[in-house]
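With the hints as a guide, dock the two chains, each given alone in a separate frame, to form the complex.
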Amino acid sequence: MKIAVCVKHVPEGTSRIDPGTKRLDRAGEGALNHFDANAVEEALRLKGDSDTEVVAVSLGPQKALDSLRKALAMGADRAVLVSDDAAAGSDLVATSRLLAAALAKEEPDLVLFGQQASDADGAVLWAAVAERLGRPVVSQAMELSVDGGTVHVKRQTEHGYDTIEAPLPAVVAVSDAINEPRYPSLKGIMGAKKKPQDVLSLADLGVDAGDAGEAGSRTTVLALGDPPARADSQKIEDDGNAAQAIVDFLAEKRLI
Amino acid sequence: MATTAKKTEIDPLDYLAVDALLSDEERAIRDTVRQFVTEKVKPYVGEWFERGELPLELIPELASLGLFGMHLEGYGLPEASSVMYGLVCQELEAGDAGIRSLVSVQGSLSMYAIWKWGSEEQKQRWLPAMHAGEKIGCFGLTEPDAGSDPGAMRTTAKRDGSDWILNGAKMWITNGSIADVAVVWARTEDGAINGFLVEKDMPGFEAPLMHHKMSLRASITSELVLKDVHVPEENRFPEISTLRGPLSCLNEARFGIVFGVVGSARTCLETALDYAKERIVFGKPIAGYQLTQQKLAEMALEVNRGALVALHLGRMKDEGTLRPEHVSMGKMGNVRGALDVARTARSILGGNGITLEYPVIRHMNNLETVLTYEGTHEVHTLSVGKALTGENAFR
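As they're listed, the protein sequences go chains A and B. Per my numbering, the very first residue in the first sequence carries number 1; after that it's consecutive. Per my numbering, the very first residue in the second sequence carries number 1; after that it's consecutive.
Errors might be hidden in some of the hints.
Unchecked claim - Some chain B residues well away from chain A (every beta-carbon gap over 10 Å; in silico):
#1 E120
#2 I178
#3 K284
#4 L322
#5 R323
#6 T372
To be verified - Partner residues are not named here, just some residues of chain B that face chain A (Cβ under 7 Å, in silico):
#7 T32
#8 L65
#9 A80
Treat the hints as calculated values from the structure; they're not laboratory data. Where a beta carbon is used, it is the ideal one built from N, C-alpha and C, also for glycine.
Chain B with its partners taken away, still in its complex shape (with noise of 0.2 Å):
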């Protein structure tokens, strides 16, 4: 068919143009959050990650722009489009995936936990605070025993009367130490699964940092140990009784992590092709040798590629036809792919690659806490394999 559309030139950082798959609106966001990250993260973030810290200033910074559950509705929220959302975790992750987890957990993990399972009562009382930052939420569903198979899980929650009981310890808790409420998921003692809403100054409760990480390490993560801690009935999701719950969760969760890791692809692709133009070995850029062509060029693939498929699994989820098992191919190409790029951006910068002063090594090694989170990559695997074949390999 004749066509009078104008060839553009090739973008390198947009090299299959997906930028014009996108609305004005979806683009304004995520050039809002883009200068955002530009302006307040990307500078600072080497830094923190040094020190092992994520600045509490950035949390009504965050709160501000509209990002704690903007894709959910009711309740003061901003009910965007998937896509949108997807936008934003990936510009956040293009600065840190750190500060993408810290937003990922409040509004698709905490937040839409209680959006989804939550008593009115519980909404009222929770969204809107946790939307404007005022009130800052974890999600308690991993134990030290127990990771891929929640079904293993130890803690528990006991009748009191008409209130709960609460004892046992959770793992690996994004945002847990500075958490004004925990979503914590407890097996009853008939064997149902049921979600409780726990409170930072509920007695028996604790949330301590967790330390010597190498990854994220520009985000809090915690232990959340219960010893007796009592519940009111009030904080218990009423509904919900079964594995089905939390796991409702993660899928949400897992989805930002299709886009998410596509921001941390691109910003080492960036770096390293920035990198490589610049750098002179035997007389001339690295750039302009082979072997340093096929890795910028595989990494533009992979970038490319990882944001086509977070664009249309993103389109699906607006279109309501998304199932958990396309998140899983999702996330496990992608996450995989984002790895590939880092490391290979790693190799092209060369002794800089491996400091603090290119954002290259944070995401690598941050990419592989995002490759075991919100599913590991052989869990992923498992659930392709399954809706591919029928069979359940799990166990």
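Just chain A, with the same shape it has in the complex (with noise of 0.2 Å):
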């Protein structure tokens, strides 16, 4: 079996806007997004003593390499970044497209993705590529496991649990409550540089500049702004009957 697992390079620390390209300020250090973690550690689980080959696939700056070699690290055996000026950019519509081509090469029997992206948090991309892909999707998986040519998925919902069966190959969201990532050895570290690594262009991928970036964008940021100040909050000064007056305004609210 091949898993690929789809890992994003996000910002450590608090994330910035840059206000001229109202892009999220890339420059400075990243890290593997925690959420694709658990993707990561879901692959190696099911990979385990299998000879299964798990790929960790990015889009990103060459600087993504850093969360790529975090994922070899952990155990995949190998990585594949899509790297490309052209790329930069990319909204959901443009980075599905191109992740879809990447996944298209390697042919995986299980795609799998965390379930959002801790600096944009879009937690769509998964829905997107299986889109493109043509290919089934389970999002929110709180346990997972593959049996023959099926995976079988315990869905978290707002509920309870949805038990769910998809033929493979197939797309699946984990989500961050599967499992508790294994922390890199130092073996696994010293032993991450000597794994395979390709990075892609857009012509590789056939991809055309065009497709890709902002002009393969369907979404454009207009403008940036802080959230208007709330003009019909209350403020309740507390002259001894403030507990009453709260009381008062929720049941007014209809919500007590």
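See the structure below:
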């Protein structure tokens, strides 16, 4: 079996949006999106001692290799980075196109995603990629197993769990509660740089520059601004009756 | 010379940008251990310290990170560089010197002794199991009446046919009570110093815990008591018969300390800096007062100077140019610097500085041990003095 895990290199610490480009500032230190660590862990757990190959796939600047190496240090076998100046500024539509192209080359049986990226918090990329690949998709996987040509998923919902089966090849986005990612071992870290790491350009994927980056995006950030102050807020000064005032307010709103 | 390099902003916790001197791989190892310590050690270690415990569940976790004997080669060991080993010590001690001591004693004293001086059979038997954390080692050199002068040791090894009978006592032995194997140094009848692998179930061998410590409380410290312990010849290190044996091992371990204490000091600086920015006195944060700023600036200086010295010595060790006298200067300066940082941090935290709610007094008390063990500050001073003058002032 072959499992591809899509991972993202996200800025460390507090995210900052560059007011000039209106893009997330990716110049500083970055790290593996922690939600994706759950997907890497799940792939490694499914692999166990078998000859399953785990490939970590990412789209990003050259520095994203750091996060791919973290996945390799944890135990992934190989890394693929799609990196091209023309891909900078890709929105979800363009990103899903590029990732789908990279995944189509790999032809994995199972594609795993983390539930969301901690920088942009989109939480839809896995759906867009599955759509482009024409594969079934299951999100919020709490438990995952593969049995022959079928993936079995216990899916977390607001009201309980769905038990879902899907034929392989399939795309699964795992919940951050599915597992506790392992720490990379010293030998894993030291061995990571010797594992294959391919960097692919748009040309390698056969994608036109016009279908990537801002040119290939369907959304445009027009302006950035602070959230407006709440005009309808009400301040209760405690003159001894604050508790009653709060109760009255909640009762009026039919919240209690 | 004109340069286009961009000046980065000052990082209060890496003022001199020492980080930039590390390779990606070194940073990755450092970051992994830092994350482990942040998640698995720091939230709990105050409690362990108060109760005087070292949770043994940590051992398999440290083993799965691959840290035991990480800088040794062969026998399935990781063969990491000295700098990598040092950075690991630094991050572990940023949590607690007791946890760093556990790893130091397992890897740099016990495993190193076997790796350096053991027979092939001894290495095969112990090194892989000790790397995996399945077997724990300790190292017995210091005695109740022989510390800085190990040549005064009274533990004896007498021939019994082809085997040996050991008698004596060792003291201040980290990991002693949980050890499966103790590297015990003893004097033979002809005056030689020999190393023996004493196994925990050998009759006459006991390793009682030492109590009433006010320092390194999240660490196991023991006595080793040997009463007519029968040790087979195959458990003796075959080649070494002088003090060079144990001293070579100590040199490995104190190298780790040069890095380790930078971790302690960094945690103290970090804590004091956060505290000083939030603690309001006379209407403004104490960070805004000159007396506090002087303290913080001196602390940052020591942390950064220590980090640079440690890294420099690490690079020398990897190049093969490091001498014990270099390590002496590193240990001397870095431990003293870290202790100053910890004491100053304690004063910035005021009353809060004496509680285990904050890491500072724990590090401060731990550093009192670190100042003394693996060669006292005084002995290292004399080692540097001798290297400077050519005069031996030890005796």
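Each hint, compared with the structure:
no.: 1; hint: E120; verdict: 23 Å, holds
no.: 2; hint: I178; verdict: 22 Å, holds
no.: 3; hint: K284; verdict: 25 Å, holds
no.: 4; hint: L322; verdict: 22 Å, holds
no.: 5; hint: R323; verdict: 27 Å, holds
no.: 6; hint: T372; verdict: 30 Å, holds
no.: 7; hint: T32; verdict: 5 Å, holds
no.: 8; hint: L65; verdict: 6 Å, holds
no.: 9; hint: A80; verdict: 6 Å, holds
Of the numbered hints given earlier, the model fails none.
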